[in-house]
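Visitor: Chains as they are written, first to last, in our numbering: chain A, 1 to 1185; chain B, 1 to 333.
Just so you know, the hints here were simulated from the structure itself, not pulled from any lab data. Among the hints, erroneous ones may be present.
Unchecked claim - Derived EDC-like pairs (lysine to aspartate or glutamate); straight-line CA-CA distance at most 16 Å:
#: 1; chain 1: A; residue 1: K763; chain 2: B; residue 2: E209
#: 2; chain 1: A; residue 1: K591; chain 2: B; residue 2: E54
#: 3; chain 1: A; residue 1: K861; chain 2: A; residue 2: E913
#: 4; chain 1: A; residue 1: K763; chain 2: A; residue 2: D684
#: 5; chain 1: A; residue 1: K759; chain 2: B; residue 2: E49
What the hints assert, rightly or not - Where chain B lies over chain A, by a calculated footprint (3+ residues, C-beta under 8 Å):
#: 6; region: 37-46
#: 7; region: 91-99
#: 8; region: 406-416
#: 9; region: 586-595
#: 10; region: 1006-1018
What the hints assert, rightly or not - Distance ranges between label pairs, derived from CB positions:
#: 11; chain 1: B; residue 1: D81; chain 2: A; residue 2: R204; range: 28 to 36 Å
#: 12; chain 1: A; residue 1: D252; chain 2: B; residue 2: D81; range: 35 to 43 Å
#: 13; chain 1: A; residue 1: H514; chain 2: B; residue 2: N216; range: 35 to 43 Å
#: 14; chain 1: B; residue 1: V218; chain 2: A; residue 2: N796; range: 29 to 37 Å
#: 15; chain 1: A; residue 1: D575; chain 2: B; residue 2: R238; range: 53 to 61 Å
#: 16; chain 1: A; residue 1: D1160; chain 2: B; residue 2: V27; range: 29 to 37 Å
#: 17; chain 1: A; residue 1: E550; chain 2: B; residue 2: T166; range: 27 to 35 Å
Built from N, CA and C at the ideal position, the CB exists for glycine as well.
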Amino acid sequence: MKPDYVVVDGNEAAARVAHSLSEVIAIYPITPASAMGELADAWSQRKEPNIWGTVPEVVEMQSEGGAAGAMHGSLQAGALSTTFTASQGLLLMLPNMYKIAGELTPAVIHVAARTVATHALSIFGDHSDVMGARQTGFSLLSSATVQEAQDMALVAHVVTLETRVPFLHFFDGFRTSHEVMKIEALGPEIMGEMVSGALITEHRQRALNPNRPVLRGTAQNPDVFFQAREAANPFHDAVAPAVESAFERLADLTGRRYGLFDYYGADDAERVVVLMGSGAGAAREAVDALNDRGEKVGMVTVHLYRPFSVEPFLAAVPASVSSMAVLDRTKEPGAVGEPLYQDVVAALREGGRHQIEVIGGRYGLSSKEFTPPMVMRVLAEAGASDPKRHFTVGITDDVTRLSLPVEEEWREPDDVVQAVFFGLGADGTVGANKNSVKIIGRLTDRFAQGHFVYDSKKSGAMTVSHLRFSPRPITSTYLIENANFVACHQFGFLEKVDMLALADEGATFLLNSHYGPDEVWEHLPAHVQEAIISKRLEFYVVDGYRVAREAELGGRINTVLQTCFFALSEIVPQDEAIAAIKDAIRSAYGKRGEVVLNRNFQAVDASLDALSKVKVPTAAGSTIHLAPAVPEHAPDFVQRVTGMIIGGKGDLLPVSALPVDGTFPTDTAQWEKRSIAEEIPIWDPDICIDCGRCALVCPHAAIRMKIYDPSELDSAPAGFQTKEWSGRDYAGMNMTIQVAPEDCTGCGVCVDICPAHSKEEVKHKSINMESQLEHVDEERTNFEFFLDLPELDRTNVKVDSIKGSQLLEPLFEFSGACSGCGETPYLKLLSQMYGDRILVANATGCSSIYGANLPTTPWAKDAAGRGPAWANSLFEDNAEFGLGMRLAIDGHARTARTLLGALSTEVGDLAGEILEAEQSDESGVRKQRERIEQLITTLQDVDDPRAKQLETVAEYLVQMGVWIVGGDGWAYDIGFGGLDHVLAMGRNVNILVLDTEVYSNTGGQASKATPRAAVAKFAAGGKSTGKKDLGMIAQSYGNVYVAQIAMGANMNQVVKAFAEAEAHEGTSLIIAFSPCIAHGIDMGSMMAHQKRAAESGYWPLYRYDPAAEAAGKPGLRLDSREPKISFKEFAALEGRFAMLARANPEHAEELAQQAQDDIDNRWQLYEQMVNVHRTAVFEDLEEGE
Amino acid sequence: MNLATKYLGLDLANPIVPSSSPLTRNVESLLALEAAGAAAVVMPSLFEEQIEHEAMAVHAALDYGSEISAESIGGYFPEMDDYNTGAGDYLDHLRAAKEALSIPVIASLNGDSAGGWTLYARIIEDAGADALELNIYLIAADTERPGPQVADEYLRLVERVRAAVTIPLAVKVGPYFTSMAHMAGRLIESGADGLVLFNRFYQPDIDLETLTVGPNLVLSTSEEMRLVLRWMAILHDRVDASLAATTGVHTSEDVLKLILAGADVTMMASALLKHGTGHVSTVLEGVEQWLERGNYESLDQARGSLSQRSSPDPSAFERSNYMHALTEYSSKY
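Based on the sequences and whatever the hints tell you, model everything.
Guide: Here's what the structure looks like:
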């Protein structure tokens, strides 16, 4: 029978099996496993049943801990349950995993294995998470490929029922979870044959049930706990044989044969490498290459890692083997070797084969590339006379010198089509390439693979797609280096990336270009021209933007470039390819309507006419060169390290270049000039009213306001714009609104908010979007001059006003957040108002990613070197993390005060001045800093050991704020317990919740902040429950300052709220409405959306000040007026609500009415709360009354 | 009194046809109009541009943010079963109206592309419309395009739709042609079974507070009927097609004047929005009473009796009418 091929990624392959064999699926989003949960939810939403005909219930929990708990409960009540997770998520499941395994409960957790955060977070793949679960009692089953991710998933579900031992099935994050591959599908029939109905019945009979009650989860004591723990041994002993048996049955049904340990290589191998996971693909190619050269090598791929079965392992290793290299994709500091190494050594010892020399090494942490030459090098080391017993491979370790240098070149076979595509994160390149893999996988006998690499930014990001099409099954689990097809979908990338370094001799190069075949050459950078000539590339251009524009598809050039790829690659006959592309479009967009289909078809049809071959001259001659990653005057660290990462050469950095503890300098985003905007705001001073709003709302600190003495203008560049400051506060001064032309992302929020327009031409505002290309040179010079203008003395600025705050230097600038991000204006404002004296505890999420994803950080420093000190701990613990900072700072301050008190005689009057200093404003802080400087000087002459101690803590006598920052996923869900506790403690921390009302970072999953009626992932039918009122919960403590703000609705209130929160001597909570691309709006108009949100009562603005309450005044003050537009009027303009109105109008109407009721009820409640006095007034009562 | 009339080959009980308005947007008010005596109804226009815009907006929203980072690859919205883009809503309403009403249902179409006009015309026909009104809404704003080219565009469009459908076809146009009378004839030659005079374009307005320009829909008044009146009188008996009068038809007097000028039917929207669906019966009563008072045998007898051809003063409908009016007006002061 011809195999039933499908083209899927690892997540889909595993999730399909899990969904088919489960009844309850409890999930929580985490990269790179989120897609498994989303797919399961989507299938259940579509009423797709499991193999027994019932639709699995998919529930999103508040954390992975919650998901594991729900799964545990559902298992106890007899359901077949599963979950999906990775990394920290898996760690949060550990407590439940011990319980589930200890209770011998059949269950499967599917893990897209990901790095556990240590010195840094990484979303990429390694085995550090699953290795943390190896002691839980779960069996660990490893998949090396997408095919295996499907097959092993089935085996896990089958064997867990047979043995009652729960399974953790894992595959490598991104490399396997996101790799699109042509695989043989498992139909429901095969799954049905593999799973025993009788065992399901037994599982149900063990369930908690009042009709046959039992007790589980007892507390046991020294007398019996140990024995009981051992009582389960036979069940664990039965796992390996059961897995082997399941493999046998699977092989009978499908022809695909797996072992607990799969040996591949020479029968008489002398050296073997042992590993598990996707690295096996590269290892296999290395083994073939070495054996072809006459060497005798082999490899063992581990599938069942726990329980580690000694006999089958020994059986897999040929008797001829004399040395062995064990590769671990994890690091266990302090251990003799990594876990797999230790298991192998112990197994060989136990099996009497200790004469085999074993070396162990680490590879591939955080998805580090792992290639056949690396395996060849490892095997060479294994055969060396004096090998490194412990090593690393894939990096250069010049510190502990553990790394093996890899020099071998590698070429893939010529009959493999290798194509690389450079696209923009929004142009549809990845989606089109996934389709291409599917098309070729389906239409031809070729095997197809797609792997996708993303950069670290959320705006203007580059995607690189690596596609292989081979006559043989593809085992190449590494990036393409000798591509025979290179496509550049964005002309601007040519100056930033040396993409043709990946092109093989004679390869085809397709460029999306505004310039036609006759004019393009002169616009190419020199290195591109040289590569085209020297590598004899076939060079084609297509104006994808024109074709897309003519088909009214905006910037979506995906179908155009895809069609050209098919035409040039000739893998599929052209007619068939075009028909297949159209089929793919139909299948992807069919539900979106004929219009969408027709426009895409039109683009496909017009593509080939627009494709032209370029006649390549014999010599290069361009004066355009690759831009240096960072300017020469950047600091040393930025030159040596940051610049390398920016330039795409981070892989080349040796160990010594990197900080040992994850500590990086701030103030580095300024060196990463990305120039991603097509248009930037250009200022017309003649009509400016000096309001500062443009600077306030700019998400990227790319438009700024400064006032200065006119004498400063003497050295101004010719094009530098200026005007007199109109206010009396700085009479005689000049001001400038200046764009940072290479840092602006072109969102247009500033122009949208600008209230000043020309009297002669209304559309002309005081700032207007104009061509970046035309203005960049002049504005670059202007911006440099602007930066050199002196900053205003902070003590002369009214910080808590819109204008005042915008005259302060932003210490959060040029983040890689989405263009038009709704969160970052708040952070920038915070950095302006208090950035020189705050610590920031940042929950994992968008703000930690745009805040600290290498290469650079937007957190910056002022001229004195002061700025926010920032750290991210985890997703779930951020409130506690920030509280800890407060405790430490307060402790240091206490110590300092005690020491200063003790040394008051030596220090003199200054001691009293310091101890009693008023620091409620800029001037107070400035004076205290001066006093501390004086103190340090004074202490130099004090001969007392306490003076030295005081020196180390004296700076804590200057006020320091702690800001705890995170999104709604943290504050409302996973971190709520901790946040609630911190609120209750009353310590002086400020909590800023950037509320986007969904999990923005992981792709828009619903949180408890998601409003009723909105569509989000896990709320596809519109969220049917209302949003949690976090502000009211906080107010219930009575001593917490609470503000609900929205910058676009009331800027003044925002500034006041920040000032009041900072001033409040206790806990403050600010909930900031933060529009997000997940809202389905034009981000350029995000401020207008905020205005409407407040006008409709959807997002009422208020401040609750316990101090007012204590003074006998109403604590709660409403800062927005009674709703004047309906919820529907607000919602109609946001895709998240409007989508449902289109898809399911009746239900949308029902939810909209309920959402209106939510608003009306809340407003009524808040209005009453304004008049509520919390403090009870007791009359003095006479005794006896 | 026999008020029967024929429009686009359809036999109607009287000449009152509610034209496209919010009242024809739901079946409940359509039934009320029928009960009040409306002889046929014109559905709201299917706007191709709006349909396309909505579909592309859904498409853009679903794709927006996809591939934005390694952590959010699949876009920000879950895929749904159906986005109900396209003409589905319109056709559902058309079918429901056909099902509920016994009077003829005339669909209305405002296309945006050559393909769109014919595509939607066909699906409207398939959905069971008794006739189709082409709501041609072109603002000839291109300074480079001469009038005859614009006129030709109208004609090609009518030809294409005529070739695509077999149901009766009315063409609703504005009055802004160099030679309206000639144009009317050519529209009919191109395949129109009737003309609807005139399209009342939404006129823009300026908000002095916000300094924004937007459409400002103002209900018509009876005075606006007189432009229609002129052309009705001029075209009656000169073109071989049905003539519908629309814009400014508010009272029975308005209806009667237009019938006397030569209209086959008169269409109302503003008056019904102002006075409610029951206004149809009030107008009909007024028409009937006037005819009875004048001892007319039927409405047909009166039709066109004051058209330009039948009028004792044909020039009154032409330019001299203006000069005369102006003289009269000035002489009062």
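Visitor: Now, for every hint given, state plainly whether the structure supports it.
Guide: Do the hints match the structure? See the list:
A hinted pair counts as satisfied when its Cα atoms are at most 16 Å apart, and A:K763 with B:E209 qualifies at roughly 15 Å. This hinted pair checks out: A:K591 and B:E54 have alpha carbons roughly 13 Å apart, not beyond 16 Å. The suggested pairing of A:K861 with A:E913 is violated, with an alpha-carbon distance near 28 Å, which exceeds 16 Å. The hinted pair formed by A:K763 and A:D684 meets the criterion: a straight-line CA distance of about 13 Å does not exceed 16 Å.
Straight-line distance between C-alpha atoms of A:K759 and B:E49 comes to about 33 Å, which puts the hinted pair past the 16 Å bound. Requiring three or more residues with a Cβ within less than 8 Å of a Cβ of chain B, the coverage given for the region 37-46 of chain A holds, as 5 such residues are present. A stretch counts as covered by a chain when three or more of its residues have a beta carbon under 8 Å from one of that chain; for the region 91-99 of chain A and chain B the count is 0, and the coverage is violated. Requiring three or more residues with a Cβ within less than 8 Å of a Cβ of chain B, the coverage given for the region 406-416 of chain A is violated, as only 0 such residues are present.
For the region 586-595 of chain A, the proposed coverage by chain B is satisfied: 6 residues have a C-beta within less than 8 Å of a C-beta in that chain, meeting the threshold of three. A stretch counts as covered by a chain when three or more of its residues have a beta carbon under 8 Å from one of that chain; for the region 1006-1018 of chain A and chain B the count is 4, and the coverage holds. At roughly 33 Å, the beta carbons of B:D81 and A:R204 sit within the given window of 28 to 36 Å. Look at A:D252 against B:D81: about 38 Å separates their beta carbons, and that is inside 35 to 43 Å.
Taking the beta carbon of each, A:H514 and B:N216 are about 41 Å apart, inside 35 to 43 Å as hinted. Distance hint check: the CB atoms of B:V218 and A:N796 are about 55 Å apart, inconsistent with the given range 29 to 37 Å. Our hint of 53 to 61 Å for A:D575 and B:R238 holds, since their Cβ atoms are close to 55 Å apart. Between A:D1160 and B:V27 the C-beta distance comes to about 30 Å, which sits within the given range of 29 to 37 Å.
Checking the proposed 27 to 35 Å range against A:E550 and B:T166 shows it holds: the Cβ atoms sit about 34 Å from each other.
Checked against the numbered hints above, the structure violates hints 3, 5, 7, 8, 14; every other hint is satisfied.
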